[in-house]
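K.L.:
Make a model of the complete structure from these sequences and hints.
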Amino acid sequence: QVQLVESGGGVVQPGRSLRLSCAASGFPFSGYAMHWVRQAPGKGLEWVAFISFDGSNKDYIDSVKGRFTISRDNSQDTLYLHMNSLRAEDTAVYFCARDRTGSSGSLSDWGQGTPVTVSS
Amino acid sequence: DIVMTQSPVSLAVTPGEPASISCRSSKSLLHSDGYNYLDWYLQRPGQSPQHLFYLAFNRASGVPDRFSGSGSGTDFTLKISTVEAEDVGVYYCMQTLQTPTTFGGGTKVEIK
Numbered sequence: 001q002v003q004l005v006e007s008g009g010g011v012v013q014p015g016r017s018l019r020l021s022c023a024a025s026g027f028p029f030s031g032y033a034m035h036w037v038r039q040a041p042g043k044g045l046e047w048v049a050f051i052s053f054d055g056s057n058k059d060y061i062d063s064v065k066g067r068f069t070i071s072r073d074n075s076q077d078t079l080y081l082h083m084n085s086l087r088a089e090d091t092a093v094y095f096c097a098r099d100r101t102g103s104s105g106s107l108s109d110w111g112q113g114t115p116v117t118v119s120s
Numbered sequence: 001d002i003v004m005t006q007s008p009v010s011l012a013v014t015p016g017e018p019a020s021i022s023c024r025s026s027k028s029l030l031h032s033d034g035y036n037y038l039d040w041y042l043q044r045p046g047q048s049p050q051h052l053f054y055l056a057f058n059r060a061s062g063v064p065d066r067f068s069g070s071g072s073g074t075d076f077t078l079k080i081s082t083v084e085a086e087d088v089g090v091y092y093c094m095q096t097l098q099t100p101t102t103f104g105g106g107t108k109v110e111i112k
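From first to last, the protein sequence lines stand for chains A and B.
Using our numbering, read the first sequence as starting at 1 and increasing by one per residue.
Using our numbering, read the second sequence as starting at 1 and increasing by one per residue.
Honestly, the hints are just simulated from the structure, not real lab data.
Ideal Cβ placement from N, Cα and C applies to all residues, glycine included.
A partial selection of chain A residues facing chain B, derived with a Cβ cut-off under 7 Å:
1) Gly44
2) Leu45
3) Trp47
4) Asp59
5) Ile61
6) Phe95
7) Arg100
8) Gly105
9) Ser106
10) Ser108
11) Trp110
12) Gln112
13) Gly113
Straight line, CA to CA, 27 Å or less: simulated BS3-like cross-link-like pairs of lysine-lysine:
14) Lys27/B with Lys65/A
15) Lys43/A with Lys58/A
16) Lys43/A with Lys79/B
17) Lys43/A with Lys112/B
18) Lys43/A with Lys108/B
19) Lys27/B with Lys58/A
20) Lys79/B with Lys112/B
21) Lys108/B with Lys27/B
22) Lys27/B with Lys79/B
23) Lys27/B with Lys43/A
24) Lys108/B with Lys79/B
25) Lys43/A with Lys65/A
From the derived model, a few chain A residues whose C-beta atoms are all more than 10 Å from chain B:
26) Gln3
27) Gly9
28) Leu18
29) Ser30
30) Ala40
31) Phe53
32) Gly55
33) Arg67
34) Tyr80
35) Asn84
36) Arg87
37) Glu89
38) Thr91
39) Ser119
P.N.:
Spelled out as structure tokens, the structure:
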């Protein structure tokens with residue numbers, strides 16, 4: 001079955017960087033677009049970034065543009081989120097999610113999430 | 001950005017009774033292809049979200065048929081015909097018509 005396992009979260013000081021990973025299995029990873037979604041403590045869901053199945057198209061929420069980079073390694077079935085210049089407001093649980101199709105926008109499967117805390 | 005507004009914010013339901021959640025968008029989600037780009041998700045306590053519906057009324061894999069999705073344009077509804085204990089959690093609507101994808105604020109469903 002589909003499995004998405006995030007890792008790389010932790011506590012980091014403001015202004016520093018962090019790289020999140022999402023290991024995928026149980027489906028042909030290279031055939032699906034992928035997303036990152038985050039959830040601040042006690043808050044709702046916020047879509048963060050999208051990458052097409054082949055990595056040629058990427059999109060971000062305005063608040064992370066220029067600071068975050070989504071990427072993927074289809075040879076390793078792994079999705080990444082490179083986060084630079086982290087701010088306190090980036091504190092959240094970060095989920096990776098599989099697109100329902102090649103690029104429908106629907107999030108058919110989710111990982112368990114990895115927590116990121118930005119604090120001095 | 002398209003703003004998604006859900007109501008009510010919370011809902012307490014007796015098991016076996018129906019429940020209904022409303023989602024309204026600030027812009028019509030009806031595309032020229034005839035589809036409404038609206039999804040529903042359920043996040044059970046302590047769990048990651050799970051997909052319930054896509055394109056307004058299409059059930060995701062494994063979703064019981066006591067759940068139904070309806071609506072078009074700017075007004076959408078998620079209905080549970082007979083609530084069960086496992087249905088507790090926060091329900092979110094989400095639009096995928098235009099970037100950025102945006103979620104509603106959530107509706108928390110509890111059992112009386």
